[in-house]
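Chains as they are written, first to last, in the numbering used here: chain A, 1 to 342; chain B, 1 to 342; chain C, 1 to 342; chain D, 1 to 342.
Source of the hints: derived by calculation from the structure; they are not laboratory data.
Hints should not be assumed to be uniformly reliable.
[To be verified] With the C-beta cut set under 7 Å, the calculated list includes, among others, these residues of chain C facing chain A: (1) His118; (2) Phe119; (3) Ser226; (4) Ile227; (5) Arg228; (6) Thr238; (7) Ala240; (8) Ala342.
[Stated by the list, open to error] Have a look at the derived ranges for each label pair, beta carbon to beta carbon: (9) Glu330(A) / Met58(D): 50 to 58 Å; (10) Arg115(C) / Met58(D): 50 to 58 Å; (11) Gly59(C) / Gly195(B): 29 to 37 Å; (12) Thr73(A) / Val177(B): 46 to 54 Å; (13) Pro234(D) / Gly283(B): 38 to 46 Å.
[Said to hold, decoys possible] DSS-like mimics (lysine-lysine), calculated; alpha carbons at most 27 Å apart, straight line: (14) Lys23(C) / Lys23(B); (15) Lys23(D) / Lys23(A); (16) Lys248(B) / Lys248(C); (17) Lys248(A) / Lys23(D).
We put the beta carbon where it would ideally sit given N, CA and C, even for glycine.
There are 4 protein chains.
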Amino acid sequence: MLPEGFFSTTNLPTYVRVRGEWKLPRDPRMDSALVLDGDGVPRVVEGRYVRAGQPVAMGMAEDGSEGIFVHATGLLGDWEAGPEGEFKFMSSEVSREKPTDYGEMARLLVDERERGGHFIWVVGPAVLHSRGRDTLAWFVREGYVGVLFGGNAVAVHDIESATLGTTLGMNNRGVPVEGGHAFHMRAINRVRAAGSIPAAVERGIIQDGIMHALVTSGVPYVLAGSIRDDGPLPDTLTDAVRCQEVMKEHTRRATGVIMIATALHSIATGNMLPSYAWNEETGEIRPITIICVDSSEFVVSKLKDRGTHQAFGVITNAQDFLHVLRFYVEQEAAARQTAGAA
Amino acid sequence: MLPEGFFSTTNLPTYVRVRGEWKLPRDPRMDSALVLDGDGVPRVVEGRYVRAGQPVAMGMAEDGSEGIFVHATGLLGDWEAGPEGEFKFMSSEVSREKPTDYGEMARLLVDERERGGHFIWVVGPAVLHSRGRDTLAWFVREGYVGVLFGGNAVAVHDIESATLGTTLGMNNRGVPVEGGHAFHMRAINRVRAAGSIPAAVERGIIQDGIMHALVTSGVPYVLAGSIRDDGPLPDTLTDAVRCQEVMKEHTRRATGVIMIATALHSIATGNMLPSYAWNEETGEIRPITIICVDSSEFVVSKLKDRGTHQAFGVITNAQDFLHVLRFYVEQEAAARQTAGAA
Amino acid sequence: MLPEGFFSTTNLPTYVRVRGEWKLPRDPRMDSALVLDGDGVPRVVEGRYVRAGQPVAMGMAEDGSEGIFVHATGLLGDWEAGPEGEFKFMSSEVSREKPTDYGEMARLLVDERERGGHFIWVVGPAVLHSRGRDTLAWFVREGYVGVLFGGNAVAVHDIESATLGTTLGMNNRGVPVEGGHAFHMRAINRVRAAGSIPAAVERGIIQDGIMHALVTSGVPYVLAGSIRDDGPLPDTLTDAVRCQEVMKEHTRRATGVIMIATALHSIATGNMLPSYAWNEETGEIRPITIICVDSSEFVVSKLKDRGTHQAFGVITNAQDFLHVLRFYVEQEAAARQTAGAA
Amino acid sequence: MLPEGFFSTTNLPTYVRVRGEWKLPRDPRMDSALVLDGDGVPRVVEGRYVRAGQPVAMGMAEDGSEGIFVHATGLLGDWEAGPEGEFKFMSSEVSREKPTDYGEMARLLVDERERGGHFIWVVGPAVLHSRGRDTLAWFVREGYVGVLFGGNAVAVHDIESATLGTTLGMNNRGVPVEGGHAFHMRAINRVRAAGSIPAAVERGIIQDGIMHALVTSGVPYVLAGSIRDDGPLPDTLTDAVRCQEVMKEHTRRATGVIMIATALHSIATGNMLPSYAWNEETGEIRPITIICVDSSEFVVSKLKDRGTHQAFGVITNAQDFLHVLRFYVEQEAAARQTAGAA
């Protein structure tokens, strides 16, 4: 085996000081050790081929201070070594391979609720299936949602679930039911008959779910129309420019944003959002945190590529995200209550 | 608005009986109503354009029994109407848009533990990050894991975390630490020094995590080698044919399988697995449930496309999956204990 | 080695007739041979372990006619064996692992041009980058496009390219240029100054690209507005319901559709499309081919899951698709010209 | 409309000099203009709301030199403004939305062939379907391939195609054929009977395809074994450590690498590759170009996240990539021949 503290190589040009001279080693590759050949030239060798008695280079520093210099930016430009000019693993901006700090997100949500911030939730229809719908309604009722941005479909399938028990014609185990392809049209028809979503809630047509929670908790919502819409619902804003105006009334006073499983609405919201909240009177400036949840890295990258650089990506399933987030938020809120009572 | 019970159209050839004659409607499309034109020919019209007083076709049946026949399979072949020969939404086999029945998976795991089944867990390195690692170790210690299949990397990064606190050089908040690119090599080196993973556990070099839980709980594991491996660890089986033989000793007596975030190991296991467990003595045959968890539909489809048709896909993040599954398994196990005590 | 014509196993329950009795083999798995154990029970063994002299089951038929019966549907339901009730590989509906028949698509496009069909092209902004834009303009000029459906962004970035040489601020090598984030706003401003896209073409402000080809070839286009839009361009229809009406004037007479790299516009178009073209006068019914091109399987599955079952998926990059399709269309058109001249 | 040369905003803190004072504007957002409110404070307004006569800020510079300073890095840290400390669109490292410079790749391949470089092609089975297989064989025969790295499956399905006309049991139109699930096993069996792939080529068992081209052109190949393998073929190296040794004999003298549609083999190769080629005698150092082709960004990011930062990502379908690349390489080679003849 190698001695503790052996130097572990990178794939970059690496200069090793041997008897006063800086030398490039033979057979360069990463994740290996440096041994000295008989002619005084270092060689890169995988640990398993190093034999007892061979001289092995020691050290952790890559800046030459301990006799080994890794030339991270010289040959191939800055990107060779990652954006920080150092050889690193996991330097990508967004990856499903990175851990998610739910504790920090929970603290942010509870903080914002305490300080009366305006937290925008931007959601796609994927939040609706089974437990996701109940969990999001919980967040609304508990005061974590300042405004909800979504499309016609979010409200349609939420109301389909409230009135007929399916989403997109599937039951809560994911199985399409007979005649289910028409259920969302029947739900839309009932809301049209009532006149609006609040009217349908008042008349008892809608008795649970996200729209019910929004209406009964007095939380505003914006349903943006699109060419994909069936119906649409009477509450949907079909003109894109008018809808942007209504959304902007919220984005201009946003203090945080969470985007879940929608490219269209997330990018639209990102376009309108400043990267900071500015209090003109006090002059205070605070960054606006943007959490973007999607099942692939692509939507988050797309959002960043259109200028919303501060978005923080969480690559997961919408329903599982909501489940785990609620778990941590409940813990955080309980901990604060205990601390406050003490 | 439309009357309750209106017929909602599909995009398929649809015959409507009008005064004894079967007629194809004008302007066919889905999600719309059927009205009668002045010349006795039906027309497909979106609900919002139907005017009060217009005759609207009523009914739910699509088989002609109520005067409307949807020709699901005639023109375009079976696939036009989805695999069941009926117009349906959400008929895809695997989709992130489908709900996940964690309750059912929890019942299966608790059942298998009770009956002493041999449940195979096949895992990729994505399970390791932050909470995922702890949760998987919990499943091992609680007796839900019959055997663990993984690669060299799963063990390496688990032991990197146990010895140096990082996975792939990231801390548990996903930030690369200085010198972190070498940490997995240092972890490997320590295990090589100890001689094996069990020896490293015994000497206190490895004090927590998945490998620790396996060794201390006496649960077997198979670490398959691959050309991507660093090290490899002394416990890794580097010969693919020999490794298949060891894996097959487990697949031949498997009663259930869960695959998380690995294409290589999942497909390898699928290749060896029968679709059923057969007890030669009693003659009993039972299907083997295969749960395949991945962040995209592709791996699940690939697995099915290579013959493992019975795989059930769950499209989500590995760590969140484990978190939510543990939540449901704890509930299920507690409920049974309560029921057993009553 | 095994004899030519050996029976190759599946993972399904398989009955082998041995001396008049049907027997289940031991150690079932796929891709293996059947040998006879000493006690007259068959055993599944990988080819590499079969020894010279061992009796090996021969045959290709799985229906029992040659002594081997694969029970494809009995135990686990229809899906175990794939939709056709037979053990198959590659039975998924949409997969990047399937070959693409460009020759057939080319024949369809040339056929439709010859018979004067109304072919709808539905495109997202991904078609614009470098060669994609030129190639799509070629299809327009050559008469393969009946109408183009897209969003404000398609036109904006096409005109950004015509006027300032970038798309989304990148040059044609994919490198962001200085100040490039504002270029699409400058392009929009010039069109607003001209009054409309056709006016900007007439005044020479737009001299190449897709919108130029559409205007100068007299091919209609529909630019659907959305909440993501900058500007918007004067030609963009900002009201979703009004836009659906204009799109439907085209879908009702569509004879074929090609959708490239857009979920929103593809699903919107799918919603309106019948699965067949019906000539009310002659009574003739023909299926409408729908080709859906995207870089992942998800959009195609989503389209099918919302009822557009007849969509045929091509999983590739938008620009490469257009390049290869043009290559085949040119060959097909040339071959017909040669044949016609002979 | 706005005047040509208007300042187009970002979402970052932006200071505007008004009568000698630097002021933050109201209602910040990107893609808009700056107008002056009556009280001398600037306001961000979308172009469509600017009225004739309103004073609009002019300028392109964001460094304060023309009176407008965009504070790209101050508030939120470096990443807010993208890696270059400037507000940019499309700053992601890998994206399917970026154009691909096939001309440059073609020049590189032709250059390397001319100078006798050692170009490594690393390929997954996705290259095999229909045209991809023929095109890759063409590259081999034309001298563009120094060595081919792949797995057992690449060779198996290539030989399945040569001997039985299918890949993974599909015909070249992507349709599974009857009994096709066994065809790859029959192909393997024939090679085992012959003794090796070269022997099977010599005996005329394999008459076309990639393996045929490699054998008849004398180009070396490395088939790495894995636990997924059927057979395996006699030519497959089943021991991972031994296989790494054989691969390293090629990576140590590599001058360029192209990786197509394989995570396992690409990351394995990346692990062994230096980022530069060093001629110990002349002291010359040249960067090694790595082109990584995959249908999603994930594999490329994963490769970079494991230290192969210099990989250049091309997000497309393997077969279409090969088709388009051949098109450009043929043009480049012909152009050089013409130039050489002149």
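These are the hints, each one checked on the structure:
1. His118: It is violated, given that the least Cβ distance between His118(C) and chain A is near 19 Å, above 7 Å.
2. Phe119: Violated. Min distance 19 Å.
3. Ser226: Where the cut-off is 7 Å and the nearest Cβ of chain A is about 5 Å from Ser226(C), the hint holds.
4. Ile227: Holds, because the Cβ-Cβ distance from Ile227(C) to chain A comes to roughly 4 Å (cut-off 7 Å).
5. Arg228: holds, 4 Å
6. Thr238: holds, 5 Å
7. Ala240: Since chain A brings a Cβ to about 4 Å from Ala240(C), closer than 7 Å, the hint holds.
8. Ala342: violated, 47 Å
9. Glu330(A) / Met58(D): 50 to 58 Å: holds, 53 Å
10. Arg115(C) / Met58(D): 50 to 58 Å: Roughly 55 Å apart at Cβ, these two residues keep to the hinted range, so it holds.
11. Gly59(C) / Gly195(B): 29 to 37 Å: Violated - the Cβ-Cβ distance for Gly59(C) and Gly195(B), about 51 Å, lies outside 29 to 37 Å.
12. Thr73(A) / Val177(B): 46 to 54 Å: Because 20 Å falls outside the window, the suggested range is violated.
13. Pro234(D) / Gly283(B): 38 to 46 Å: holds, 40 Å
14. Lys23(C) / Lys23(B): violated, 55 Å
15. Lys23(D) / Lys23(A): violated, 55 Å
16. Lys248(B) / Lys248(C): violated, 58 Å
17. Lys248(A) / Lys23(D): Judged against 27 Å, a Cα distance of about 22 Å means the pair holds.
Checked against the numbered hints above, the structure breaks hints 1, 2, 8, 11, 12, 14, 15, 16 and satisfies the rest.
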